[in-house]
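Participant: Sequence:
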Amino acid sequence: PPLVPEELGQREGADALLIGGGASVHTHGDALARLARREGMVVVHANVRNLGEVQRFGPGQVVCLAGEAALRLPPSEQLQRVGALAVPSAPRLAGAVPAGLAHLTRQVTPFLGAARPDQLGPVSDIGPLALALGAALALGARRVWLAGFDGYPNASVAQQGLAQEIHTLLERFAATHPDVGLRSLTPSLYPVPVESVYARLAAHR
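Under the numbering used here, the first residue of the sequence shown is numbered 609, with each subsequent residue one higher.
No lab work stands behind these hints, which were simulated from the structure alone.
Be careful, since some hints might not be right.
FRET-style restraints, in silico, Cβ to Cβ [what the hints assert, rightly or not]:
1. P761 - H711: 39 to 45 Å
2. Q767 - H634: 15 to 21 Å
3. P610 - E676: 19 to 25 Å
4. E615 - S804: 28 to 34 Å
5. P699 - G621: 27 to 33 Å
6. E685 - E620: 27 to 33 Å
7. E685 - A811: 33 to 39 Å
8. A702 - L809: 41 to 47 Å
9. Y760 - D787: 26 to 32 Å
10. G668 - A810: 25 to 31 Å
11. E620 - S684: 25 to 31 Å
Where is the CB? At the ideal position from N, CA and C, for every residue including glycine.
Starting from the given sequences, assemble the full structure and let the hints guide the process.
Facilitator: Right, here's the structure in full:
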């Protein structure tokens, strides 16, 4: 079934907090969790790299499983606060739906903008951010906040390619969805306005 806000106990139009794989999520985790709880944000993990932070946030979180991420999920007892596991809409890679967790799995149409994902036979290779942005749109998010999309100050060749993909995707999202506010709550090298999580906490007491 598709991802819908009601199953997560969320109202449509709530802000979405997209958690990336950067170290800033751990550094600023407590502040991010306080802000997410206070403002009723739905927390969307773009990948599984920062799932160690899942206990800081409230229930109803979404974990995106792009590619073979389902194979790297932690034990199910560590997923008690996860309300849904988001996978790309069909056709998908074999093994995209985690064994034994089909009851939590929901499909999402990834946001690709004008990009064409790499084709693996009949299946597209969908990146984590494309899936997370698609989840935010499926949930009807009014604003999308980023955390952990730090960028790579001294990038390897592989990291440069990934950074360019994320850069392009964020630009396309901002251009095609100007009605959805897109900002980062942690420092980022990507083309997105940054609003400090601490400044936001202080300004909206």
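Participant: Determine for every hint whether it applies to the structure shown.
Facilitator: Here is what the structure says about each hint:
1. P761 - H711: 39 to 45 Å: 41 Å, holds
2. Q767 - H634: 15 to 21 Å: 19 Å, holds
3. P610 - E676: 19 to 25 Å: About 22 Å separates the Cβ atoms of P610 and E676, which means 19 to 25 Å holds.
4. E615 - S804: 28 to 34 Å: 32 Å, holds
5. P699 - G621: 27 to 33 Å: 31 Å, holds
6. E685 - E620: 27 to 33 Å: 30 Å, holds
7. E685 - A811: 33 to 39 Å: The hinted range 33 to 39 Å holds for E685 and A811, with Cβ atoms some 38 Å apart.
8. A702 - L809: 41 to 47 Å: At roughly 43 Å between Cβ atoms, L809 and A702 fall inside 41 to 47 Å, so the hint holds.
9. Y760 - D787: 26 to 32 Å: Holds: the Cβ-Cβ distance is about 30 Å, inside 26 to 32 Å.
10. G668 - A810: 25 to 31 Å: 26 Å, holds
11. E620 - S684: 25 to 31 Å: 28 Å, holds
Of the numbered hints given earlier, the model fails none.
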